[in-house]
Amino acid sequence: YLVDDSLTWIDLLVAEHCPDILTKISESLDGFPEIKAHMERVHLIPKVRNQTEERPLTDALRIFICSEFLLLSR
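Count along the sequence shown from 1, then add 130; that gives the number in the working numbering.
For the record, the hints were derived by calculation from the structure and aren't laboratory data.
Beta carbons are placed, not taken as given, at the ideal position from N, Cα and C, and that holds for glycine.
Certain hints may be false.
[As the list claims (entries may be wrong)] Pairwise CB distance ranges (calculated):
hint: 1; residue 1: 184; residue 2: 161; range: 25 to 33 angstroms
hint: 2; residue 1: 184; residue 2: 139; range: 13 to 21 angstroms
hint: 3; residue 1: 165; residue 2: 136; range: 15 to 23 angstroms
hint: 4; residue 1: 139; residue 2: 164; range: 25 to 33 angstroms
hint: 5; residue 1: 143; residue 2: 163; range: 29 to 37 angstroms
hint: 6; residue 1: 176; residue 2: 132; range: 26 to 34 angstroms
hint: 7; residue 1: 177; residue 2: 133; range: 13 to 21 angstroms
hint: 8; residue 1: 139; residue 2: 176; range: 30 to 38 angstroms
Make a model of the complete structure from these sequences and hints.
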């Protein structure tokens, strides 16, 4: 995990948004093996996997999650 030894909001954000960001700049995760491994590790967590499968994140939900993370990190 990116912070300490447990799952945090930043792990969820990185795992969810790195593919989106890289797709928008026409890059591939193949050039970023650590990010790819992190994303795969986070998505293997049963609750994360279930949430993603049952309720795909929309752009509005992504913005909400990011704004909540920013508020909590102050």
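Hints versus structure:
no., hint, in the structure
1, 184 x 161: 25 to 33 angstroms, "31 angstroms, holds"
2, 184 x 139: 13 to 21 angstroms, "20 angstroms, holds"
3, 165 x 136: 15 to 23 angstroms, "19 angstroms, holds"
4, 139 x 164: 25 to 33 angstroms, "19 angstroms, violated"
5, 143 x 163: 29 to 37 angstroms, "19 angstroms, violated"
6, 176 x 132: 26 to 34 angstroms, "20 angstroms, violated"
7, 177 x 133: 13 to 21 angstroms, "18 angstroms, holds"
8, 139 x 176: 30 to 38 angstroms, "18 angstroms, violated"
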